[in-house]
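Per numbering that gives the first Met the number 0, the sequence shown runs over residues 0 to 184.
These are calculated hints, taken from the structure and not from any lab test.
One thing to keep in mind: the hints can contain errors.
Unchecked claim - Computed list of lysine to aspartate or glutamate pairs in EDC-like fashion (alpha-carbon distance at most 20 Å, straight line):
#, residue 1, residue 2
1, K131, D96
2, K131, D165
3, K131, D152
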Amino acid sequence: MITQLGTALRNIRHWLILAGLRFRGIEFGPGATIDPGCRLQRGAARNQAGQISSGPQLRCSQGVILNAHGGSIALGTRVYLGPYTVIYGHGGVSIGDNCLIAMHCCILSSNHTVSPPGTPINSQPDVLLPTKIGADVWLGANVTVIGGVTIGDGCVVGAGSVVTSDLPPNSIAVGVPARVIRERR
0 MITQLGTALR NIRHWLILAG LRFRGIEFGP GATIDPGCRL QRGAARNQAG
50 QISSGPQLRC SQGVILNAHG GSIALGTRVY LGPYTVIYGH GGVSIGDNCL
100 IAMHCCILSS NHTVSPPGTP INSQPDVLLP TKIGADVWLG ANVTVIGGVT
150 IGDGCVVGAG SVVTSDLPPN SIAVGVPARV IRERR
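Produce the complete structure using the sequences and hints provided.
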């Protein structure tokens, strides 16, 4: 009886979290799981509110940060975001179905312009760089994906890598910057 009550309370708490997100304009598909300690922010920029959405069965682990900053973050079906993953959607981020994003990954979609000496760097505008991660991609722990990159379907990126350029489908890449070492077969 106590176990059933605990399960019912967890389900109610989870439903309330998802309903609150929907009210704030964040839309997740059925079966989404959002662990405690996640921070989800639409933000606003260029006179528009950001958008965050997912297909069914999203899993956001503890400490995940999704901040659209007035852009968009679109997550596919059965996407897993490991603990403390950070995604900034200024320029738009899309992640395909069945992706595994391991812990402490960082996915960006913008950069700053490089100003001439004497002009403060932090006063320069963002350059919006859409980032696309295909379906069935695995990013190992601590991977950083720089704005403007496309990672093809079926890619595997080794832990600690920094992806600075596009990766073709079904490639395995490692290093800083990430380089393709072989193909998935």
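Hint by hint, here is what the structure shows:
1. With a C-alpha separation of about 12 Å, the suggested pair K131 and D96 falls inside the 20 Å cut-off, and the hint holds.
2. Distance restraint check for K131 and D165: the Cα-Cα separation of roughly 9 Å lies within the 20 Å cut-off, and the hinted pair is therefore satisfied.
3. For the hint pairing K131 with D152, the CA-to-CA distance comes to about 10 Å; that is within 20 Å, so the pair holds.
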